[in-house]
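Number of protein chains: 2
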Amino acid sequence: MVDAHARRTELAEAVWRIVVRDGLEQASVRNVAREAGLSMGSLRHYFTTQSELLGFALRLVGERIEERIRAVDTTGDQRAVVRSMIDEMLPLDRPRRGECEVWLAFTARAVVEPTMAGLRKEIDERLTDAFAAMIRRLADAGALRPGLDQKVEAERLYALVDGVILHALLRPGRTSNATAKATVGAHLDQIAPAAADER
Amino acid sequence: MVDAHARRTELAEAVWRIVVRDGLEQASVRNVAREAGLSMGSLRHYFTTQSELLGFALRLVGERIEERIRAVDTTGDQRAVVRSMIDEMLPLDRPRRGECEVWLAFTARAVVEPTMAGLRKEIDERLTDAFAAMIRRLADAGALRPGLDQKVEAERLYALVDGVILHALLRPGRTSNATAKATVGAHLDQIAPAAADER
Numbered sequence: 001m002v003d004a005h006a007r008r009t010e011l012a013e014a015v016w017r018i019v020v021r022d023g024l025e026q027a028s029v030r031n032v033a034r035e036a037g038l039s040m041g042s043l044r045h046y047f048t049t050q051s052e053l054l055g056f057a058l059r060l061v062g063e064r065i066e067e068r069i070r071a072v073d074t075t076g077d078q079r080a081v082v083r084s085m086i087d088e089m090l091p092l093d094r095p096r097r098g099e100c101e102v103w104l105a106f107t108a109r110a111v112v113e114p115t116m117a118g119l120r121k122e123i124d125e126r127l128t129d130a131f132a133a134m135i136r137r138l139a140d141a142g143a144l145r146p147g148l149d150q151k152v153e154a155e156r157l158y159a160l161v162d163g164v165i166l167h168a169l170l171r172p173g174r175t176s177n178a179t180a181k182a183t184v185g186a187h188l189d190q191i192a193p194a195a196a197d198e199r
Numbered sequence: 001m002v003d004a005h006a007r008r009t010e011l012a013e014a015v016w017r018i019v020v021r022d023g024l025e026q027a028s029v030r031n032v033a034r035e036a037g038l039s040m041g042s043l044r045h046y047f048t049t050q051s052e053l054l055g056f057a058l059r060l061v062g063e064r065i066e067e068r069i070r071a072v073d074t075t076g077d078q079r080a081v082v083r084s085m086i087d088e089m090l091p092l093d094r095p096r097r098g099e100c101e102v103w104l105a106f107t108a109r110a111v112v113e114p115t116m117a118g119l120r121k122e123i124d125e126r127l128t129d130a131f132a133a134m135i136r137r138l139a140d141a142g143a144l145r146p147g148l149d150q151k152v153e154a155e156r157l158y159a160l161v162d163g164v165i166l167h168a169l170l171r172p173g174r175t176s177n178a179t180a181k182a183t184v185g186a187h188l189d190q191i192a193p194a195a196a197d198e199r
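For the record, the sequence lines run as chains G and P. If you read the first sequence in the UniProt record's numbering, its first letter stands for residue 1, the second for the next number, and so on. If you read the second sequence in the UniProt record's numbering, its first letter stands for residue 1, the second for the next number, and so on.
Mixed in with the good hints there might be a few duds.
It does not matter which identical chain is used: a pair holds within one copy or between any two.
[To be verified] Below, in silico cross-link-like pairs of lysine to aspartate or glutamate (DMTMM-like), each with a Cα-Cα straight-line distance of 20 Å or less: (1) Lys151 to Glu125; (2) Lys151 to Asp189; (3) Lys181 to Glu13; (4) Lys121 to Glu101; (5) Lys181 to Glu88; (6) Lys151 to Glu67; (7) Lys121 to Glu13; (8) Lys181 to Asp77; (9) Lys181 to Asp149.
Read the hints as simulated data drawn from the structure, not as lab findings. Quick caveat, the model's predicted, so the values are computed rather than measured.
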């Protein structure tokens, strides 16, 4: 008996390969079936439309990232904890770069494609919540700079991280990884200065 | 006699319409000729490859933005000047939204398409310079918060603005414009606090 979850994961991975190699437009049900070595009939057992297929592939990216974030050790300096959580989102190695490429291909298409509005909104809300939780974590630890608006800071950190991901994707290589980490680091130092830096 | 520059601009606009409506993959020389109501032969008088066509269309987006930035009144409070310059990049109305959509479609494709590496690098360098000039403007006016690294701050502002553009594209509407402006505003207030806020 084939494990349905394992099969769906294999299919999502076939979608990722096509998106990264050929662009999102090529991730049709037919092409994904071919990439995964399945008949159209077998694939339709798991997904009936392209939207379902893309939605599943993208949610799986989100779940992997969320799983890694949940695995971050949350003891100790909360600035370091938030930094580690954000590192799990950045394209610092090949697997994370693949996730970010799928996310960007989806995002660029979702901006102009009305049928993707629901999924786009769902992902935006999950990420908004994730960044709000990071800011709250800093605030609860007394590490957030006094006078900052938590809602604005959550949105600002979220926008900054998306911009850093975009730049890291555009400039592959080790220098780019260092820039990505330095940019996020400078931001966290500003919104949550270490005690010795406070004035 | 047809004005070559005007004709090239018309063609770039045909590219933009296709990219926004159908995705970057559809902006082939053939489809652009059809969209512009020209024969393939006439179009080849101006552009011989799809890369040339895309490059020209994207550079024209950049030139329009740079032109508007140059037109910003640079007298008075330099924080307000920088804010006005950044407003010219944000998708706050229909024309600017179209520019940003073209930029995003290109960016998403350029990340995985090696033939776009040259153009990608050129645009990244121009934008890096533009943001470095804004930070220098704040520093020269004595408005930049002491102790900040200008190079890091230029990259941080650039990443933040790209993230804000991405979010504004993903969440169309007036609320989203207000969020975009508030996020950039909060960032500028942090890196260049008004005199009364300095401590």
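Hints and how they fare:
no. : hint             : result
1   : Lys151 to Glu125 : within (13 Å within a copy, 32 Å between copies)
2   : Lys151 to Asp189 : both (18 Å within a copy, 16 Å between copies)
3   : Lys181 to Glu13  : neither (28 Å within a copy, 38 Å between copies)
4   : Lys121 to Glu101 : both (19 Å within a copy, 18 Å between copies)
5   : Lys181 to Glu88  : within (11 Å within a copy, 28 Å between copies)
6   : Lys151 to Glu67  : neither (24 Å within a copy, 34 Å between copies)
7   : Lys121 to Glu13  : neither (23 Å within a copy, 29 Å between copies)
8   : Lys181 to Asp77  : within (17 Å within a copy, 32 Å between copies)
9   : Lys181 to Asp149 : between (24 Å within a copy, 15 Å between copies)
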